[in-house]
Structure formats: structure tokens, C-alpha cells
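A.B. asks: In case you want the letters, here they are:
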Amino acid sequence: MESQQELEVVKTCKCACRGTSDTRITVGLATCGIAAGARHVYDALLDEVKKRGLDNVKVMQTGCIGVCRLEPIVEVIEPGKKKVTYVSVTPDMAARIIEQHVVGGDIVKEFTVRLDTGGETADSAITSIADTEFYDKQRRIALRNCGIIDPESIEDYIATGGYLALKKALTEMRPADIIDTVKASGLRGRGGAGFPTGAKWSFAAAEPPGQKYICCNADEGDPGAFMDRAVLEGDPHSVIEAMIIAGYAIGAEEGYIYVRAEYPVAVSRLKIAIKQAEEHGFIGKNILDSGFDFKLNIRLGAGAFVCGEETALMTSIEGKRGEPHPRPPFPAVKGLFQRPTVLNNVETFANIPMIILEGPEEFASVGTEKSKGTKVFALGGKIKNTGLVEIPMGTTLRTIVEDIGGGVPNGKRFKAAQTGGPSGGCIPASHLDTPIEYESLVAIGSMMGSGGLIIMDEDNCMVDIAKFFLEFTVDESCGKCAPCRIGTKRLYEILEKITEGKGEMEDLELLEELAVHIKENSLCGLGQTAPNPVLSTMRYFKDEYIAHIRDRKCPAGVCKALLKHVIDPDKCVGCGMCAKNCPTGAITGKLKEKHVIHTDKCINCGVCAEKCKFGAISKG
Amino acid sequence: MAKTNGLCLGISEQEARLKDYIEKTGRDPSLLLSYLQEAQEIFGYLPEEVQVIISKETGIPLADIYGVVTFYSQFSLVPKGRNSISVCLGTACYVKGAGDILARIKELLNIEVGGVTEDGLFSLDATRCVGACGLAPVVLINKDVYPKMTVDAVEEVLKKYRNKEEPGE
Chain L
-2 MESQQELEVV KTCKCACRGT SDTRITVGLA TCGIAAGARH VYDALLDEVK
48 KRGLDNVKVM QTGCIGVCRL EPIVEVIEPG KKKVTYVSVT PDMAARIIEQ
98 HVVGGDIVKE FTVRLDTGGE TADSAITSIA DTEFYDKQRR IALRNCGIID
148 PESIEDYIAT GGYLALKKAL TEMRPADIID TVKASGLRGR GGAGFPTGAK
198 WSFAAAEPPG QKYICCNADE GDPGAFMDRA VLEGDPHSVI EAMIIAGYAI
248 GAEEGYIYVR AEYPVAVSRL KIAIKQAEEH GFIGKNILDS GFDFKLNIRL
298 GAGAFVCGEE TALMTSIEGK RGEPHPRPPF PAVKGLFQRP TVLNNVETFA
348 NIPMIILEGP EEFASVGTEK SKGTKVFALG GKIKNTGLVE IPMGTTLRTI
398 VEDIGGGVPN GKRFKAAQTG GPSGGCIPAS HLDTPIEYES LVAIGSMMGS
448 GGLIIMDEDN CMVDIAKFFL EFTVDESCGK CAPCRIGTKR LYEILEKITE
498 GKGEMEDLEL LEELAVHIKE NSLCGLGQTA PNPVLSTMRY FKDEYIAHIR
548 DRKCPAGVCK ALLKHVIDPD KCVGCGMCAK NCPTGAITGK LKEKHVIHTD
598 KCINCGVCAE KCKFGAISKG
Chain R
26 MAKTNGLCLG ISEQEARLKD YIEKTGRDPS LLLSYLQEAQ EIFGYLPEEV
76 QVIISKETGI PLADIYGVVT FYSQFSLVPK GRNSISVCLG TACYVKGAGD
126 ILARIKELLN IEVGGVTEDG LFSLDATRCV GACGLAPVVL INKDVYPKMT
176 VDAVEEVLKK YRNKEEPGE
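Chains as they are written, first to last, in our numbering: chain L, -2 to 617; chain R, 26 to 194.
Source of the hints: derived by calculation from the structure; they are not laboratory data.
Any given hint might turn out to be false.
As the list claims (entries may be wrong) - Only pairs whose alpha carbons sit at most 20 Å apart, straight line, appear in this in silico EDC-like list of lysine to aspartate or glutamate:
hint	chain 1	residue 1	chain 2	residue 2
1	L	K616	R	D125
2	R	K173	L	D454
3	L	K317	R	D53
4	R	K131	L	E607
5	L	K616	R	D177
6	R	K49	L	E315
7	L	K268	R	E66
8	L	K317	R	E63
9	L	K180	L	E355
10	L	K608	R	E73
11	L	K317	R	E82
12	L	K539	L	E509
13	L	K317	R	E73
14	L	K608	R	E180
15	R	K105	R	E143
16	R	K131	L	E468
17	L	K292	R	D53
18	L	K610	R	D177
19	L	K608	R	E132
20	L	K317	R	D89
21	L	K268	R	E63
22	L	K268	L	E152
23	L	K164	L	E355
24	L	K477	R	E63
25	R	K173	L	E355
26	L	K486	L	E468
27	L	K608	R	D177
28	R	K81	L	E315
29	L	K331	L	E315
30	L	K557	R	E132
31	L	K557	R	D125
32	L	K561	R	D125
All chains should be modelled from the sequences, with the hints used to inform the complete structure.
C.D. replies: Here's what the structure looks like:
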């Protein structure tokens, strides 16, 4: 097929109803949207449009719009008008939107976006998400098409400039030019470690010609992170386009995307996108008449966190146990099937088309001296606006938490921001003004990580959180090297002892000593970073550890073994329900008089609190 | 037809489907994970008999196959319940109380994580992160996602699956 000409034709054309007089209604159909019921809304919109015979209205699916909390999200885009964002839409509301807005021309104000970001009031005139503070402080490069285009339509991708970067790379640039461009952009790996992407490519390119591979790490294993899923579900072609460009740059004619089996929607959209790219001649033989061939395969992970580590990932693609092996040799020399391989993360790839098309200077103009461009974060936990945000590097954590995220809900106090998943750390309020950069986050004991950003409030116990992450790494340690296999288990046991109220002050030194050993002696990144959650919580929240050990108290009221049930005398009416149901006879009191719990007999089962109809019994 | 936990060896239809898949994809040892995924889709789990089939078809030693099956958490050596419950224990879900939800399900079904109820109706797993963190805490039952779960809602949700079973059984 004549892809080159077609690219131009499509770009300037009528497809996907861009630039026409049609009204587009988009529905966010990423995993979050689907889970919130967006498919029913999509069907209801289609039905209504069909029923009314609205030929000039197109109902489309799109990827993640960003504010997961407000799903299902529907946007109405009429030519020449500002788009309108409807949130928490139900099928009934969908019908009303068609009737009143699309047909009647009158925006359904009460359904439009209401974001609690502090600055605006509930009766504000804002009807588009683009005008909210949530979007205002963001800069979208990797997510440029997410929530805008139909991820299952290659025409839609092309209409927004898709595959033009590939065309430019293959027809106007030599492989070395591409590598220089990526180097000049300053792009660093978005998987977390931040290795310069251009340098990585140049190592593999320098290897003698022959079979080489491009791999994409889409095994987003960090709990609390969904950036890569959002990109794959919302804009799969951008990753595919970048992989072909990378293949051309290093001389690799075959690529693999290793994606989690837990992401069925992403897998299905990737498969569709690869097929479309093949049909359009962007994958296959003699791409865009350049003489370059490229083949792209998908491999599904099978649930092993360690496979996010590059050497383990490649071993897994080979069909084996996903165990890491020592470097050197680095994958750029000996990677997949013992051949030179470049492995990049989904978000890293998603930046490439923009860098090629708009030039490295444009990309490097965003961000800070050592950390260029933007970073996508999955904002979750105790925060008002949970969702997906992309901010310029150098933005402070405070901006993300307070301005974009809208702060902590229910009037609770912010306690910590966790970045980097099980490899990262907890950042306390005193460091909220730290700019987001690879180096600055490491300096405060955390790391950039892949982009999970979980907010914790006063109700979260930091010792419990450290234990949570250690339980994770114990479970996910592949078992190959002893420091990680045995060390993380011992760390976990000590934390368990502390949360059960059996800790001793010496345990704190032991934790630290063990943590350092594990960091220094583990074979791969999993083990080397596994102690970080313990070290960072000990650094900033040592008082909580001490309270657990010395006072046998959990200040946040989480660690069950340390909690005692008490009866609030002001609320107790003396009904006797608690005493009647207490299995150990630990509650006494006369009918219609205040009851008392005897701590020596109480086993903290909580039955009394459950049975009390007056909310008089609580843990404290 | 006697159905032993979803596995009907001897009824060769399932076996034929698996062999056909391996044949069509070129008996490629590097596709072992795909073969196991397909086999688990067909049989529901991966008992020794199924691993033997894959070993014979691909030439990969049975010991290696067993090593791979036991390495990845997706693969199961024991049959699952007819409804598979996964409680997400990713960080976002955890800080919003997923642990209490898991405890409630354990209590109601009287099984531990990894277990199956006596009637085979439910199996329970804790999963690491389904990536729906914006809707935390999340519980998956089969392919249904239950966003923003609460401890109190658990019983009602499980009841739906119990009721579904009754007419047919």
C-alpha cells in the first residue's frame, strides 16, 4: 500500500470526523471507566443517537481522560465550540445529554465537571475539564492522545499526526541522527531508574550488525501504578511507532512487547493496533519504501513482579522462569536470545514520536537541567482527585498533592506521599516542596519509580506500610540470591514483631543493619531496593516505630494487636448488648448503667463494637 | 459426563484443542508461557497430566515446565472455584482498607487466600494490582470489577453469585 501518500491524505482529511461538521461524543473506555460502568453509558449514547437518527453525531470510545474518580466521563465536542465534560454519567444521564445538549444546544450544567481543587466553587461556570486546575498545571506529552483519540482507530491516530515521526525518521534521518536526537532531548528511562535513553540506544547500535531486538517493558508491576496501562489503552500506536523508530535506530528488525496478563483491555488494544499497523504497512517489509523491515510480537506476563527487571523480563520472553542474571554483560551487548537488545518502558517510548517530530530542543525545554520532559504519575490513595496526571519535571510534590490532587479528603491530615512502589520510599510533609527529579527524589530517600504516587493520611500506620511492602517483596523475590530471598523475609519478621507489640529497641538497629546488607549484596534491582520502604519510614517516622515498641501503641490505630477497645461513657446507655456478646466475659456493668471493658480479659475481637448500636465502643 | 473439577482428561476434546494450538504456533519452546496460559484457559488449571502433554508436544523437559508453572503466580496446580474472587492488594487499595475487605471475605467463605470453598463455588486470591487504583479498593469476581468496595457490601455481592448458581444446580 502507498503508506506515504496515504499518511498525507489521512492527515488532511475527513476520517474520524476530525475537521468536519460532525459532533463527536467521546466516552472514556479505559479499565477505570469500564469498571465504573462506562460501557453501559457508551451503549446508551449509541442507542439514543441511532433512535433519533442523528447522522452527524459520532459516538466514540477513547482512553483514560485522567480523573478516575469521576468516571464514567463523557465529552461532547462540537465544531468551533469548547468541549464540554460530563462526569459520573449514567445511562439515564446519557439520554438527557443527547436530548438537551446535542439536540437542544443547551449544556446540561448540573452534570458537568466539578472538581474539588480548592480554587473553584460548586456553581462555577466551568464546563470543560480542560479549564480546571486539574489540567491547568499539567503538560501532556506521553499522554497527548489519551482521552482524545479512539485507541482502536489508526486513522484517528494518524489524523493527530501519528506515524509522521516514523516517516520523518525513515525518510529524512540516518540511524545515527535519531540516536543523536534522542540523546539531545535528554530523555531518561521512565521505568524508574532514569538511565539516558539515547545512550542505551547507542550501545546497542554500536554492536556489530545482525539479529538485534527492541523490547518494551509493559509489565507494570508496581502496586498502585497504572500509567503504562493508560498509555497502552489510550494510545497504543504511539508506543508501536516509537518501537519501529528505535528498531531502525539500532538496526533491530524484531520487537517484543512484554505486557501484564492482568491488563486484558491493554492487550486487546495492542493486538488491534499491531494488526492495523501491519495493514497500513508501518510494520512488515520495506516500511515506507525505506528498505527497513520490522516485526512486532506480544508476549503476556504471568504474574511475576521480578519480570519488570530487564534481564528477568528477557528470560521470561524466552519462555523460562523469569530470574534475573548479573550484569555485565548488559542487554545492549547480550540480551534477548543472547543478542543485543534495547529495553525501554512504555512511557519512555510514548515520548519518542514527539521528540522526533518537534525536535529535541522542544522536549528539552520542558523540565529541569538533569531531568527533561514530563513524568506521568498515577495519583491514588487518600487524595480527592485520584487519577492520571502528567507534569513537567521540576514540579513540586505539593503542587501535585494540593493543586492537582485537591488535597486529602475528609478533613484528614496529610502524612506521606509514597513513590517508587516497593522500591521507593515515603516522603513526609516536610519534603513536599521537593521538585520532582530523579536525583532530588533519591536524595530524600525515595525514587522516581515508574510513577505510582500514593498519598497517605493520619489514619495510615507507617510501620504497617513498611510491612505491607516487605510482604510484597518477600512474596515476589524470585529466590535466586540469598540476600533478597532470606533477608527480606527476616526484615518482614522483625516488622511483624513490632506491629504485634513484641518489638524491642534493638530491633531498630537490626532493621537498619540488615537493610544495608540486602541493598549492597542483592543480585538485581528488586533486592537492592527492597529495604527502601523500611529505611525511608524509619528515617521520617521513627517516632511511630518507637511508639509501637516502647509504648506498645499504634498512633494511627491500625495495628490490631496494639489496640484496646474502650467504651465511651457518654455514649453508653447500658443496654448490655456488648456484655451479652463478649466471648470472654470481659465486659461488666448493670443494665441501664455504664459498662466497662476489663483489658486483662479482653482479646480485642471487636464483637462488642460491632454489636453496639450506639457507636459507644471504639479502639484507641 | 463426569466432570472432575473442570478437568476431563479422557475426553480428548480439550487435549486436542491444546495440541492444535501448540502445533499451529510451531512448537516453539520460547512460547511455553503462552502454551501454559492457553492450557489453563482450556482446562482451568495445570495438573501434571496437562504439563505432560505440553512436554511431549514441545520437547521441553517436564521438570522445566513444572519449574515455570510454579514460578509464575498466574498458573495454578489446583482447580479454582467456579467463581474466582481476587481482592486487589495494591498500595492504593491497601491504604483504603482492602485488608479489611479481604478479611471479611475470608470470614464469610471460611477459606484462606489461595483456597476454594467446599462446594467449589468460590476461590479466593489476593492480587497485586489490577491498575484500577483510581477506584480503590477494588475486588474482581471472574471478569466483573467491583470498584470502591466496602466491608459492608461484601455479603451482598457474594450473594449475587450464590443466587446465580441455584436454578441450574
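A.B. asks: Would you mind marking each hint as holding or not holding in the structure?
C.D. replies: How the hints compare with the structure:
no.	hint	in the structure
1	K616/L to D125/R	holds (15 Å)
2	K173/R to D454/L	holds (18 Å)
3	K317/L to D53/R	holds (12 Å)
4	K131/R to E607/L	holds (18 Å)
5	K616/L to D177/R	holds (19 Å)
6	K49/R to E315/L	holds (18 Å)
7	K268/L to E66/R	holds (19 Å)
8	K317/L to E63/R	holds (16 Å)
9	K180/L to E355/L	holds (14 Å)
10	K608/L to E73/R	violated (49 Å)
11	K317/L to E82/R	holds (17 Å)
12	K539/L to E509/L	holds (12 Å)
13	K317/L to E73/R	holds (18 Å)
14	K608/L to E180/R	holds (17 Å)
15	K105/R to E143/R	holds (11 Å)
16	K131/R to E468/L	holds (19 Å)
17	K292/L to D53/R	holds (17 Å)
18	K610/L to D177/R	holds (16 Å)
19	K608/L to E132/R	holds (17 Å)
20	K317/L to D89/R	holds (8 Å)
21	K268/L to E63/R	holds (17 Å)
22	K268/L to E152/L	holds (16 Å)
23	K164/L to E355/L	holds (13 Å)
24	K477/L to E63/R	violated (28 Å)
25	K173/R to E355/L	violated (41 Å)
26	K486/L to E468/L	holds (8 Å)
27	K608/L to D177/R	holds (14 Å)
28	K81/R to E315/L	holds (19 Å)
29	K331/L to E315/L	holds (14 Å)
30	K557/L to E132/R	holds (17 Å)
31	K557/L to D125/R	holds (11 Å)
32	K561/L to D125/R	holds (18 Å)
Of the hints listed earlier, those the structure fails to meet are numbers 10, 24 and 25, in rising order.
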